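One letter stands for each residue in the lines below.
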Amino acid sequence: MVARMIEVGMAFILLFGMVFFLQASGVAKAPLYKEGLALNEQLAKYALLALENFNSTGDGFRDKSIMDLIALSYLTRREDFLVQAEEDINYYLPRVIDAEWHVYTKDGELDIKSENYDSTKMRGSAKTEVLSFTELIVVVGF
Amino acid sequence: MALSEFIEESWKLTLYAILIFSFIISLLYTWHNYQSSLEYADKLREARMLATSLLNEWGEDGVVDTTKISEEDLPENTSVSFYTVEGRLLKALGQADAQELNVKVPVVVDGEEGYMLLRLRE
Chain A
163 MVARMIEVGM AFILLFGMVF FLQASGVAKA PLYKEGLALN EQLAKYALLA LENFNSTGDG
223 FRDKSIMDLI ALSYLTRRED FLVQAEEDIN YYLPRVIDAE WHVYTKDGEL DIKSENYDST
283 KMRGSAKTEV LSFTELIVVV GF
Chain B
108 MALSEFIEES WKLTLYAILI FSFIISLLYT WHNYQSSLEY ADKLREARML ATSLLNEWGE
168 DGVVDTTKIS EEDLPENTSV SFYTVEGRLL KALGQADAQE LNVKVPVVVD GEEGYMLLRL
228 RE
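If you read the protein sequences in the order shown, they are chains A and B.
Read left to right, the first sequence gives residues 163 to 304 (the working numbering).
Read left to right, the second sequence gives residues 108 to 229 (the working numbering).
Incorrect hints may appear among the rest.
[As the list claims (entries may be wrong)] Sample of chain A residues lacking proximity to chain B, with all beta carbon distances greater than 12 Å (derived):
hint : residue
1    : Glu169
2    : Asn217
3    : Tyr266
4    : Ser281
5    : Leu293
[Claimed, not checked] As a list, the in silico DSSO-like pairs of lysine-lysine whose alpha-carbon atoms are at most 27 Å apart:
hint : chain 1 : residue 1 : chain 2 : residue 2
6    : B       : Lys175    : A       : Lys283
7    : A       : Lys289    : A       : Lys196
8    : A       : Lys196    : B       : Lys198
Everything labelled a hint here was simulated from the structure, so no lab data went into it.
Since the structure is predicted, the reported quantities are computational estimates derived from the model, not experimental observations.
Every residue gets a Cβ at the ideal spot worked out from N, C-alpha and C, and that includes glycine.
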């Protein structure tokens, strides 16, 4: 009797392990993960272009793009350019992207993200140089 | 075969049958999920490639010129709308019915900050 219980128990553990592996490994979602990543990379690229093309909403800055403001903040060391750029990013990105986002510079001067960004699993990014000072990175995820 | 041995054997066989049945169900469930994921991934790929080709056709580097927009560039069961940041519709073309896959891409349309909403029928 004990030998049979051990036999069935081992079979149970083996099959349970295989089932657990199939479910937990995410093998069923692999194609979706790959395409989701590619789509997010594309959206990050267009979000970066939006930072280059979208004009600021701030009084006195309307003739400058968000990227101009970021570059000016490095050139002049004036903080109001960066503050306005952050305001503009917070205004535009939630309206033009249906995903979570994170915009930051490598040196940490700029670092803003959407509310639920930290809970995203699939992320794609695009980056560009801010003159020769640092790199600006945009990440889009869901 | 003694009665006790028969009971013991049938108990073991029943457990094995339950185990194998559960395993088969789990395999089928995983296979079904894989197929659904594959189909949705195809749709995502189609949306991504279509968005890129349309934006390259109708403008460049995230700036769209509406005079270049043509309905002929759109495949069947697809629609494209351009909105300003405030949500004002600038241009709409094509048709996509219920059960759509929506992709929102930030662009400048005729000098205004906005986005392109691409809809594909699933």
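Status of each hint after checking the structure:
Chain B draws Glu169 of chain A into its interface by the beta-carbon criterion, the shortest separation being 7 Å against a cut-off of 12 Å. Non-interface status of Asn217 of chain A relative to chain B is broken: a Cβ of that chain comes within 12 Å, the nearest being about 7 Å off. Here Tyr266 of chain A stays apart from chain B, with its beta-carbon at least about 18 Å from theirs, past the 12 Å limit. Look at Ser281 of chain A: its CB is around 20 Å from the nearest CB on chain B, clear of 12 Å, so calling it non-interface holds up.
Non-interface call for Leu293 of chain A relative to chain B: holds, since the shortest CB-CB distance, roughly 19 Å, exceeds 12 Å. For the hint linking Lys175 of chain B to Lys283 of chain A, the alpha-carbon distance of about 37 Å lies beyond 27 Å, and the restraint is violated. With a C-alpha separation of about 20 Å, the suggested pair Lys289 of chain A and Lys196 of chain A falls inside the 27 Å cut-off, and the hint holds. With a CA separation close to 32 Å, the supplied pair Lys196 of chain A and Lys198 of chain B exceeds the 27 Å bound.
Checked against the numbered hints listed earlier, the structure breaks hints 1, 2, 6, 8; every other hint is satisfied.
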